[in-house]
Structure formats: C-alpha cells, structure tokens
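**Student:** If you want the building blocks of each chain, they are given just below.
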Amino acid sequence: MAAAIETHGLTKWYGGLRAVEQLDLEVEAGVVLGFLGPNGAGKTTVIRILTTILRPSAGSFAIAGIPHTRPVEIRRRVGVLPETAGYPEGQTGAEFLRYHARLFGRSRADARSIAQHLLGEVGLAERADSLVSRYSRGMRQRLGIARALVNDPQVVFLDEPSLGLDPAGQRQVLELIGRLAREHGATVVVSTHLLAEVEELCDQVLILHRGRVVAHGTTGELTRLAAGPRRGRLRVPVGQLERAAAALAAAGIDYAQDGRRDELELTIPAGTDPESAAADVLRRLLAANVAVLGFALEGGSLSDAFLAMTEAS
Amino acid sequence: MTAVESVRRRPATPASLVVAEQELRDLWLAGRGLPLALAFSVLLSFTTYLVATNQGLNFLEQREAVNVTLQVAVAVAALLVLLWAGDAVSGERERGTLEALLLVPTPRRALVVGKAAAALSLWLIAFAVSVPYVWFLGRGVGVVGVALGSGLAVGSLLALFLVGLGLLVSVFASSNRLSLAIGLFALLALFAPTQMPSGAQKGWAGDLLLRIDPLTAGLHYLGKVVVDAHGAGQDASWLIAPAVAAVLLPAAALAVAGRLSLRSGERA
Amino acid sequence: MRRLLLLALVLAAAIPPAASAAGPVAVALDRATVSTQIGRRFTFTSTIRNESDRPVSGLVAHLNVLSFDPGVYVDPEDWSSHRTRYLATLPAHGSIRVSWSVQAVNSGHFVVYVAVVERSGSEAVAPSGTLRATVARRQTLNSGGVLPLALAVPGAILLLFGVNLRRRRARS
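Protein chains in written order, with our numbering: chain A, 1 to 313; chain B, 314 to 581; chain C, 582 to 753.
It is worth saying that the hints were derived from the structure and are not from the lab.
Careful: at least some of the hints might be erroneous.
[Stated by the list, open to error] Facing chain B, according to a computed beta carbon distance under 10 Å, are these residues of chain A, among others: (1) 87; (2) 148; (3) 279; (4) 282; (5) 283; (6) 286; (7) 289.
[To be verified] Per label pair, the in silico range of CB-to-CB distance: (8) B:576 / C:744: 37 to 45 Å; (9) A:183 / B:326: 24 to 32 Å; (10) B:408 / A:15: 21 to 29 Å; (11) A:258 / B:409: 40 to 48 Å; (12) C:638 / B:498: 50 to 58 Å; (13) B:571 / A:9: 45 to 53 Å; (14) C:715 / B:545: 53 to 61 Å; (15) A:57 / C:744: 50 to 58 Å; (16) C:650 / B:455: 23 to 31 Å; (17) B:356 / C:740: 14 to 22 Å.
The C-beta atom is built at its ideal place from N, Cα and C for all residues, glycine as well.
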C-alpha cells in the first residue's frame, strides 16, 4: 500500500529565501503526525505544497500514491484546515459546507446530507443555520475541520487547529481531531504549537526548523534523542535554605535559587538517570537535616526535545 | 464506510454553475445586491420625476430623457460590474477565503466563470430596474422598443468587457484596495473622452478615440439610435470596439484563471 | 390675345407645384403641404429633372428645414438622418425620384425643401419649391403617472429587501 505522504528532496525558494529545503518524508497511512516547528520554520509552506496550493521549487511528492503532477486528483483526496482560514460571513455553516461538498462534485441532496452529518460530528448541529458571522472563534475552527472532511479525505492537514482558542477550546478541538482520526481512518497531519497535546494525540512527530527536518519519529524517540538535562524543583523551609544549598553543592549538583525564597531549581545533567539523581538529592538533604517540603522532577518532555533540537540547529 | 462515503453519488451540477449559484446567492440574498438596486431605483425615480414634471419638455428632450435614463443605467451598472468583478479574487484573498476555494478539485476557470456570472447579474438587474422608467418616458414618442433593445445590446457588451477587465485586475492585484483603485481609474479613463470639447470630439483624433474606447463608442451608438432615430445598422461601426472588448477581455480573464494562486503573481 | 392669355394660364396651372429650376436641373416636390403631429413621420418625393441636352453627373441633393418662428430652434439633423443624397448621372432630359422620410420633432410651422447642386459645372443651386409643414403639439408625456412609478419601483425593491433581511435575521 502506498504511503499516505511521500516527499523526495522537496524544496521551496522565495527569491533568495529557502523556505523548505530537501525535505524527505514518508508517512504511512492512518498515522496521526504532529508537525512542529518554531514560527517561520516552513510548516505552512510544506502543507501548502503538499495540498497543491504552492508549487515546489524542486523535488517531488505524492499523496496517497498520487504524484504531484496530478494536483486535481490530490485535491480530491486531501482535506485541509488552513492556518489563516477565512469564512464567508454571509453564509450559514450548513450553506458553507453544502457549497464545498458541491464543489467536490456532490449533488445538491448529497451535499445536504453530508453537511448535516459533519455539523453533527463537530458539534455544530444546533447552529447549522446560523450565519458564520455569529460563530465564535472555536465554532469557526470546528466548521473548518468539518469542511476539511467534506470530501471524506484520505489525508487531512490541520494547520494550527487550536490557534486563538482558550484552553477549553483547544482541548475540545484536539479531542475532536483525535476522535475523527480514529473514526475516519485518515492520515492526519496536525501543525501546532501545543506540544503537550501533540504528545497525547500524535503517533509521530516531525520537527521542522528553518525549512529542514531536524527530527522525525515517535514522541518517545524524540525525547530520548534530545536527551537534554532535566530539572527538579525543591521546596525547603526558608531557614534551611542555606543548609540545603550547601548539601547540593557538596554533591556537585547544579542549582539556582528561584524567585520564591524557599525554592531551588536543580539541573540534572544529561546521561544521568533522573530518578537515581532525585533519590541521591533527597538522601543528602535528609542527611543534612533539611526538611523537604516538596520535590518534583520536570522536563524530559517533548517540549524539552523541541527546544533542544531547534536551539541546537 | 463513513457517512460521507455512503451517500449515493448522483450526477453533479457543473462546477461553474455551482459557483455561479452560490455567488448569486451571496450577492442578492446575503449581500449588497438589493441595497444597490434600491439606491439605483431611487436615483432613476428622482430623475424621471423631474423630467416628467417639466412643462417645457418637447419631443426631442423627451427622447434625450430616455437616452439619459439608459446611459445612467449603463454607467451605474458599469461601475458596479467592474467593482464586483474586481473584488472577485483579490477580495477572497483578503478575506482569507481563497485558499479553501483553491483546495477543491474544481477547475480554476469554473471559479472565474461563476464569479463573472454574479457580476453580470448586476447589469441585468440594473437594466430590469430601468425598464419601467424607460417605458414611462418613451411611450409617448414611440421609442421604447428601440431604446430597450439597443440599451440591452450595448449594456451587455459593455458589461462583458468590464467583467473581463475587473477579473483580470483582480487575479493579479496584490490587494483588494489596489484592485478597486485600478478598476476605478480604468473606468474614469474610459469615460474621459466624453469630457473632450465638442470640437475636439469631431476631429479625426477625437473621433478615433471615441470609437476605440468601448464605453464611449457604446454610449455614442445609444445616443444616435435613441435621440437621432438612426437605424440599428446605420452606426453599427461604433459597436466594433465594444464587441471586440466584450470578447477579448473575458477571454483573457479565462486564460489567466488557470494561474489563480494564493498570492498574486505566484503560479500555483 | 385672350386665347394666348388663356393658354398661358392653363399651362401655368398644369405646372406641378413646387417646381424650380436653375442651371440644367429642376427639382419638384410631389406635395406642397403636410399637416401632422409632433413625433410623427411623413414622406415626400422629389423629382430631379435634367433639362439640358447633355448628361449631368455629380449631383447632390440636400434636405433643409426651417421654422417661421424665431423662437423655435430647428436642427435639421433631428428631422432626418439622411439629408444628403448623392445621385447617379442623369441622362439628357432624364429624371430621378428621391424619397425623403422626415420626422417632425418640433411643433409649429415649418418649410421643408430640397436643394440640388452640381459638383462641377453650374454654380447655381437648384431649389425645389416649398413643402409647408404644420406640426401640431401633442402631449407626449403624461406626467400624471410618474409619482406612482417613482414610488412603486423603489417600494417593490424595498419590500424584497425587507423580506430578505427578516429571513437573514431569523437565521442568525
């Protein structure tokens, strides 16, 4: 079975600026891929190339086995929520979806059924006949997701689906994406800055920086790949801060005093097992008669890996 | 199988008709079409009332009143058609709705044809609104049929020309403001020869300028037929420029439609 | 003498009205008067006769209109858009008939006549006699219905607009 997404040496230049450079990628069907990168990394450019909005300057790609030389066929098989999606203010949500269904070749009756069904799936059934101008930001994003599914695509690209949403809205959208990915069986590419949700939602992660792939794999693989130092937060009584600092210094552990008077931030070096390091810290503190009010390990997450990789490159 | 897959595939409407239908709905049911038609009808009501209550109106002035009504319809519709077509692509770009349209498998030309249909409807509605006024003013001087027939012909040629011009500008303009500015400038330039002194208009250069400018040529023809009672074929040479423009500009717009892209000037 | 006078009178009566001659060409109209209403068309025919023994070519016939009322502005181009006719060569003693269609665009008393000139040759202008046109006024525009019209059309569109607005508000 052909890969859902394949690229070979995909490159995009804007004058002297390299937006995407030599991108080689293969994504199997049914995978949920998190697409990460700092602002200006080229994520949206890659998505626009793969969805035939932009032409690559060099290289080739195929979507669901369809080569890039057949853009119309690719468009039949992809669904897209663009980053800067606008919506016609004078149309209702239902009208908007019906229109796009008909643009994908559906008859009037079929388009009506599809619109009704998708609006139900994204939780907009009750507002189907409301004007889009009356929709909140979250509702528009959900409408955009519905529109991305109107042609029952094999590959779905969601560019910043939770952009501009409050935490509750972000959670709703990402839950929706997860559910739809499972139910539709499509390959989903989610471009987002919400690293925690990518960890939760995505099977694979691809990190792009300055137009190049810096990492591609599962979240576990990427985290291990980064192998960056981890941190710990230690809370002790204010009067025992000096004694705690002395104990840490004697153990050769890097620390820094936090803005709060009774917290110390510890740095666990790369290559050190964090749990063992934490146990060692606690033993030394107890031996120094320092009362430990609280201790928590931090880091070792995707965001750490992301920061480490993008800063390094 | 998902619910979307399970829907029975019945034969679909051609894409250009789907786009045209939606654009017409957006213009007339959801947009500014009806307020524009209302404003236009108020303008015509005002001028017709003034003309009709003029006791000193003679036969020729009445024909001229019919001609003026027709020319107002053509001029106002020309403006609306050009501005609406000028918004067709650049406006979608600015509102962020173009990308979704570029993501469908619909041929780009179908998108442009559908938008052209909506722009042309502005002319047809303007003409329809002007019919009762032309009838009222012209029925006493036996000029209604000729006026409406020639008005429809000339106006349709000019509308096609301006739709093509507006779409061409819209495809290439980097912003909607630029597109509308170019459109307005073009319209002013097209009307400019009518402001030449009458002596200059009668010279060979002035005559040539009036003839090659589709707008002035069309309006000149209308005047000859309605006011001077010329036969339809007598001044047919004045319709060459409007007819050529009515074919060339829409054809050019269709030709560049394939280059429709998210950013102006970029090939998609 | 009396017989001669009688003969002259008979001959004079037999001469068709509105006939004149200058140079080798004479122009006659088939009617001398017409009464009509403003806006209506009327036609008349001019007969241009070559009274010389040689063919005459390069003749141009031109229609003219004038008003007896100084207050009435007459633009002959408004009365007829085909005012100038270029004639074929007239053989010796031959004639040609030219029809003219004229629309009375002013009311009042007018004279219509045809003048014929030769491109080369005689410098004289050969005018026809006069066709006296009396054009009656006519109420061409009944202004009584203008107010209902001026209100009805915008009113109908406003009604449509209102219905549409209500429909959209109900949706949102």
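**Student:** Would you mind marking each hint as holding or not holding in the structure?
**Tutor:** Hint-by-hint comparison with the structure:
1. Hint on residue 87 (chain A) holds. Least Cβ distance to chain B is approximately 7 Å, under the 10 Å limit.
2. The interface hint given for residue 148 (chain A) is met, as the beta carbon of that residue sits about 9 Å from the closest beta carbon of chain B, less than 10 Å.
3. With a cut of 10 Å, the hint placing residue 279 (chain A) at the interface with chain B is violated, because the nearest CB-to-CB distance is about 51 Å.
4. Among the interface hints, the one on residue 282 (chain A) is violated; its C-beta lies about 53 Å from the nearest C-beta in chain B, farther than the 10 Å criterion.
5. For residue 283 (chain A), the suggested interface contact is broken, since its CB lies about 57 Å from the closest CB of chain B, more than 10 Å.
6. At its closest, the beta carbon of residue 286 (chain A) sits 59 Å from a beta carbon of chain B; the interface hint therefore is violated under the 10 Å criterion.
7. Evaluation of the residue 289 (chain A) hint against chain B yields a violated restraint, the C-beta minimum of about 64 Å exceeding 10 Å.
8. Between residue 576 (chain B) and residue 744 (chain C), the C-beta spacing of about 41 Å keeps the proposed range 37 to 45 Å intact.
9. One distance hint, 24 to 32 Å for the beta-carbon pair residue 183 (chain A) and residue 326 (chain B), holds here, with the actual separation near 29 Å.
10. Checking the proposed 21 to 29 Å range against residue 408 (chain B) and residue 15 (chain A) shows it holds: the Cβ atoms sit about 27 Å from each other.
11. The hinted range of 40 to 48 Å is satisfied by residue 258 (chain A) and residue 409 (chain B), whose Cβ atoms lie roughly 43 Å apart.
12. Under the hint 50 to 58 Å, the C-beta atoms of residue 638 (chain C) and residue 498 (chain B), about 54 Å apart, fit the expected range.
13. Restraint check, residue 571 (chain B) to residue 9 (chain A): a C-beta distance of roughly 26 Å breaks the suggested window 45 to 53 Å.
14. The supplied range of 53 to 61 Å is broken by residue 715 (chain C) and residue 545 (chain B), whose beta-carbon atoms lie about 31 Å from each other.
15. For the pair residue 57 (chain A) and residue 744 (chain C), the supplied restraint of 50 to 58 Å holds, since their beta-carbon distance comes to about 53 Å.
16. Checked against the given bound of 23 to 31 Å, the beta carbons of residue 650 (chain C) and residue 455 (chain B), roughly 24 Å apart, stay inside it.
17. Hint check: residue 356 (chain B) to residue 740 (chain C), Cβ distance near 18 Å, so the stated range 14 to 22 Å holds.
When the structure is compared with the earlier hints, violations turn up for hints 3, 4, 5, 6, 7, 13 and 14 and for no others.
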